[in-house]
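Colleague: Using the hints, position chain B against chain A.
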Amino acid sequence: MKKDSTMNQKLPFSVDKFITLGALVLLLAVFSITANNFFTVRNVLTMALQTSTITMMGIGVTLVIITGGIDLSIGSIVALSGTAAVLIANAGVPTPLAMAFGLLVGVVCGWGNGLLITKLRLPPFIATLGSMMILRGVVLTITNANSSPAPDNFGDLGNNTLFKVTQPNPDGGLLTVFPGISFIVLIMVAMALFFWFVLTKTKIGRYTYAIGSNEEAARLSGIPVARIKGYAYIFSGFLAGLVGVILASRMVTSQPNGGIGYEMNAIASAVIGGTSLMGGVGTVGGTLIGSFIIGTLSTGLTMQGASYFAQQIVIGSVVILAVAVDQIRNRPKKRKG
Amino acid sequence: MGEVILKAEDISKSFPGVRALDQVRFELRSGEVHALLGENGAGKSTLMKILAGVQEPDSGRLLSRGQEVRFRNTLDARAAGIGIIFQELNLIPHLTVAQNLFIGREWKTPWGTLDEARMNRETMDVLAKLNLKIPPATLVKDLPISKQQMVEIAKALSHESEVLIMDEPTSALTEAEIDELFEVIHALRNRGVGIIYISHRLDELQHIVDRVTIFRDGKSISTTQYGELSMDEIVNRMVGRDLVNQYPPRNNLPTTVKLMEVTNLASSGVLAPMGFDLYRGEILGIAGLMGSGRTELARALFGADPVDSKTVRINGELVAIHQPTDAIRHGLAYLSEDRKHEGLAVRMQVAENITMANLDGVCSLPGIVSRSREWEAAQKWVDELNIKTPTILQKVNNLSGGNQQKVVLAKWLFREAKVLIFDEPTRGIDVGAKYAIYELMEALARRGVGVIMISSELPEILGMTDRILVMHEGTLAATLTTALTNQQEILAFASGLGA
Numbered sequence: 002m003k004k005d006s007t008m009n010q011k012l013p014f015s016v017d018k019f020i021t022l023g024a025l026v027l028l029l030a031v032f033s034i035t036a037n038n039f040f041t042v043r044n045v046l047t048m049a050l051q052t053s054t055i056t057m058m059g060i061g062v063t064l065v066i067i068t069g070g071i072d073l074s075i076g077s078i079v080a081l082s083g084t085a086a087v088l089i090a091n092a093g094v095p096t097p098l099a100m101a102f103g104l105l106v107g108v109v110c111g112w113g114n115g116l117l118i119t120k121l122r123l124p125p126f127i128a129t130l131g132s133m134m135i136l137r138g139v140v141l142t143i144t145n146a147n148s149s150p151a152p153d154n155f156g157d158l159g160n161n162t163l164f165k166v167t168q169p170n171p172d173g174g175l176l177t178v179f180p181g182i183s184f185i186v187l188i189m190v191a192m193a194l195f196f197w198f199v200l201t202k203t204k205i206g207r208y209t210y211a212i213g214s215n216e217e218a219a220r221l222s223g224i225p226v227a228r229i230k231g232y233a234y235i236f237s238g239f240l241a242g243l244v245g246v247i248l249a250s251r252m253v254t255s256q257p258n259g260g261i262g263y264e265m266n267a268i269a270s271a272v273i274g275g276t277s278l279m280g281g282v283g284t285v286g287g288t289l290i291g292s293f294i295i296g297t298l299s300t301g302l303t304m305q306g307a308s309y310f311a312q313q314i315v316i317g318s319v320v321i322l323a324v325a326v327d328q329i330r331n332r333p334k335k336r337k338g
Numbered sequence: 071m072g073e074v075i076l077k078a079e080d081i082s083k084s085f086p087g088v089r090a091l092d093q094v095r096f097e098l099r100s101g102e103v104h105a106l107l108g109e110n111g112a113g114k115s116t117l118m119k120i121l122a123g124v125q126e127p128d129s130g131r132l133l134s135r136g137q138e139v140r141f142r143n144t145l146d147a148r149a150a151g152i153g154i155i156f157q158e159l160n161l162i163p164h165l166t167v168a169q170n171l172f173i174g175r176e177w178k179t180p181w182g183t184l185d186e187a188r189m190n191r192e193t194m195d196v197l198a199k200l201n202l203k204i205p206p207a208t209l210v211k212d213l214p215i216s217k218q219q220m221v222e223i224a225k226a227l228s229h230e231s232e233v234l235i236m237d238e239p240t241s242a243l244t245e246a247e248i249d250e251l252f253e254v255i256h257a258l259r260n261r262g263v264g265i266i267y268i269s270h271r272l273d274e275l276q277h278i279v280d281r282v283t284i285f286r287d288g289k290s291i292s293t294t295q296y297g298e299l300s301m302d303e304i305v306n307r308m309v310g311r312d313l314v315n316q317y318p319p320r321n322n323l324p325t326t327v328k329l330m331e332v333t334n335l336a337s338s339g340v341l342a343p344m345g346f347d348l349y350r351g352e353i354l355g356i357a358g359l360m361g362s363g364r365t366e367l368a369r370a371l372f373g374a375d376p377v378d379s380k381t382v383r384i385n386g387e388l389v390a391i392h393q394p395t396d397a398i399r400h401g402l403a404y405l406s407e408d409r410k411h412e413g414l415a416v417r418m419q420v421a422e423n424i425t426m427a428n429l430d431g432v433c434s435l436p437g438i439v440s441r442s443r444e445w446e447a448a449q450k451w452v453d454e455l456n457i458k459t460p461t462i463l464q465k466v467n468n469l470s471g472g473n474q475q476k477v478v479l480a481k482w483l484f485r486e487a488k489v490l491i492f493d494e495p496t497r498g499i500d501v502g503a504k505y506a507i508y509e510l511m512e513a514l515a516r517r518g519v520g521v522i523m524i525s526s527e528l529p530e531i532l533g534m535t536d537r538i539l540v541m542h543e544g545t546l547a548a549t550l551t552t553a554l555t556n557q558q559e560i561l562a563f564a565s566g567l568g569a
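Those protein sequence lines, which keep their order, are chains A and B. Under this note's numbering, the first residue of the first sequence carries the number 2, and numbering increases by one thereafter. Under this note's numbering, the first residue of the second sequence carries the number 71, and numbering increases by one thereafter.
Isolated chain B, as found in the complex:
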């Protein structure tokens, strides 16, 4: 580890109703990977935005190589050598890799036209440093997410960044892609780049992290070498209390009453014909690698995407599900992995989002919404799920990720769904909120609801479910009983090596 290249001193920042950062201190040395940990709403994202020039602090100082700096916008931050890779990638899909890399600072020929050849050549040089073999003229939209992320990293490098901020870089990657990413991170560190690494997946820290700074409630709690704290101590500092178990105990066993029976579900090119059962009170996991068809299975079942064939029986009765409206009428609910785009109307109020799937439940006369009944219902669920919001009239985009997820959940609980499909329910959610979501799933199962849980995190699938469907390239590779299987077996089926 080298000298301190970036330092934040006593940074404070407030938003209406929230003190996001309270006299926060943070430093980054060259050639280190420094993890920034904390629950959602702890202030990590705000600090990151301040370091990247997206927002200005209310008070405090930023020092770049010992010099006080003030970032009024992202260009200022970039000029100081700070590059940021947001969780949601900022690439333009219809431009090529090279065009994206050089956007805003294109090379020109003496005639004033774009010098595509030079930009393609220089793009290749940068990509070579990352051991990437992507043709510079590829359109970004044709690349998988993992490669797009590499392009983002390449873009930051091509700006000669000395500081690289990565927000949840692994959340959309497969295991193999994560390994690839870690290799790149190692290479960057060895070249003296300082990396701020934000992640909710504590298990991956051991592979790359040098130091850890923990945030809680807008304050920086501690900065230590990675090995100094045990995983339990890290978690305790993040949540401010002792978390004894990672998963809540399952207080019941699933019944043997078939709640839903799916047969002959097929969609050409996406899903090979398959079938499965869901029992009352059961938590059924769906495991598989990225792109194995887990989400496609859920969407097909829910009527969100068209299928070639599908037979669904609920409580023994044949039901026709052509679109989400049908699915919801028959008691199904789908919590999308993509909250912002598919789960919530983020510019609408918390209350309006909670009642969205069950407006009839708060109508006084048919078709006429009663505000008072709506607010009563919304308040009940906000209290019940402990959703942190100043009021139920707050716009959803002012809430943290975990609380947004709870709003989606409240929407379906208010609808009294019988079958809940959770697609990556804990992605991008902090430890404390994760446990709350697990507890809720357990409580739902106890009440006789059938829960389907799609997840990339095998530990949580093993920790929560009764049975597991393993997907591989659009086929149902195996149906396993959780108590009788392990991570190795699931991975074997998921990668097509099946027993």
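Next up, chain A with everything else stripped away, as it sits in the complex:
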């Protein structure tokens, strides 16, 4: 008995995560068998591309949830930052700089959320509910709700791939052997690695967990609670900004109406991945798996002809199921006297 309990803690992945990982593998297997063309290189790459944005937002909101907070403004930040990047690119600013500006908009929004929460001491739900509405209002006002096209090279980031392999077609033209890995997927992997490192290896990460576990104990231990919470919202804003720029780049247009409800997918992937809304618990790996469960479900169900509406029912059920499994597993754990 004794050995087991200590062994579990030494494993890099907890048993809980194996369950979610197993569920993801099972889903992939089921869709591979039931849907033609599901388990093809092209489809897997497309799925990864579509899921990457959920993953990145999910990682951002995971950081926030670990501190015991929530970020409802993600979708609005996505729209505002993407639109801002396109508008400024159209004004003649070089594309890379315009995109950087989009990221900056995300960072500033997150910073503002952090200030509302740490300085004005608003509950995170209220603060980010307010900023969700304000930022959406801002983006709709400055664009009058119209989307506008971006310069051509604005689309490079979202539409190009790495390691694309082609060969000459005997009939002329080029035949695509391997479509390549989207830049977006590569960015997602980089972000996942970076934030995994931050959460598990750095002081900031440790403090994030400590604050979520017991904010008062953290404060009395000398942890700069306000600053660390601020970082979490800034990271979340940054990742939302990144997703906003990426989506604008893929469409090569600004999308002031885009991103509505994205925060809910982000929160769902964090929760499926084992993040606790009570704070103190959550991992990047878990959220990664959670987002791919959502991504796999929506792609697989689409290929089987299920409507978007039906998909919502399934994904909602998965969120409830994931947390229910967690609750049941944790039930017998009582403290000793």
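Bear in mind the hints are in silico, worked out from the structure with no lab data behind them. Small disclaimer: the values here were computed from a predicted structure and weren't measured. A hint or two may mislead.
Computed beta-carbon distance windows for the label pairs [as the list claims (entries may be wrong)]:
#1 D430/B to G138/A: 52 to 62 Å
#2 V324/A to P376/B: 33 to 43 Å
#3 G181/A to D430/B: 42 to 52 Å
#4 R228/A to R443/B: 18 to 28 Å
#5 P163/B to V324/A: 24 to 34 Å
#6 G181/A to P376/B: 54 to 64 Å
#7 V45/A to R175/B: 56 to 66 Å
#8 A198/B to R330/A: 42 to 52 Å
#9 I135/A to R399/B: 33 to 43 Å
#10 E158/B to R228/A: 44 to 54 Å
#11 G431/B to R228/A: 13 to 23 Å
#12 N456/B to I135/A: 52 to 62 Å
#13 F126/A to D185/B: 48 to 58 Å
#14 L133/B to R330/A: 32 to 42 Å
Pairs of lysine-lysine, BS3-like flavour, derived with a Cα cap of 30 Å [claimed, not checked]:
#15 K458/B to K204/A
#16 K77/B to K178/B
#17 K465/B to K410/B
#18 K410/B to K202/A
Even glycine gets a Cβ: it sits at the ideal position worked out from N, Cα and C.
Modeller: Using the frame of chain A, we list chain B on its own:
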């Protein structure tokens, strides 16, 4: 004493890594107060939870009035007439006294709405039995802790409990409130209620206890009439060895080097302007009744609460302390009286808690935590303080109270604090662990650390300190030299009667 109303036979219970109860036997008669004594981790709380239906035993039998019973949950236990009052009170702060008393079994009017009038009336009846004059419509959050505890007792009574389990009921009460509580306990006993009384304050047993059962390492060692054992014998049975002294000898005298000088410390409505010095190697006690501002003084000094003014010099140098981060940077440490809420992140590992205030000390590169250095440091302190935990990766909430306190202490020792403020360091901790904490305080003082010890227990203040600050209603009523004072003088200053 009447018939046996509750009996536990050969109860065993294990948790991962721990055998909490090993064939334990216990019985309770009607109309007796039966003390359950033992060190932390001896199994008292586990037995209590089993009797209250919070946990089920692995094996053994429970008998209620001779009938075998099985409690699957607290409702089963309540139906069998067992009421429990936990150390941490289970009242809902934003509901009234009456609403709390009738929660889950509210009276309804014929229209299906709540019959507040009837519930208030019946609440008054129950409170009258306890000689309490609390209006039933008072919100619980507006009552002092002592009255909240009375409400808990009233709640248990209103369930017609024949058995009342009380876990450390006096730990948050003042002397006067304790007397009041004892009167209530006497009254209940005379009405035939059987009371299981758990406390670490052995000195208070003489006032109320009929029989004593002693636990050690998950086993029931003995059950005797209260007078049969001397206090020393009780303590020896609890710890399983002879404890010669209650307090370790002080091997040094404090130096005359001023370590910290506090002047002009004030916080309107909480603390009247005051000042004091702390010398290198000194243990300075802070005494006072509940609510006299002892904890507020410590928190104000540490920067945990805002103040109107405060001048702090450490080693003669003026330092600015606006928040805990500043205090810690200047070598202060504060061990809160409320370990669970202010001292520990209980869902995190022992190692993570120990390094929490000094993560830089285990960073390989700036800002990057080295797990191996962290584990090395944590292991060192676990060994040094003899913290009982299967591994340093154990979650803190799996440790007993005394060991949790040691984890908090390890956190500050690893930080190498120069001034340690202990707020009720031995509250809820058993005799053996108390002595270990005293020894540590003594060792710290010997190394030149300045120790401030806040305590409600005058014997330990007199036994451990060099000087004593006595607080009364937010003012510093007296600064006394321990060797030249006594319990009576301290109490006089603490109650505002000052010489």
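Colleague: Against the earlier hints, flag every one the structure doesn't satisfy and list their numbers going up.
Modeller: Structure breaks hints 1, 10, 13 and 16.
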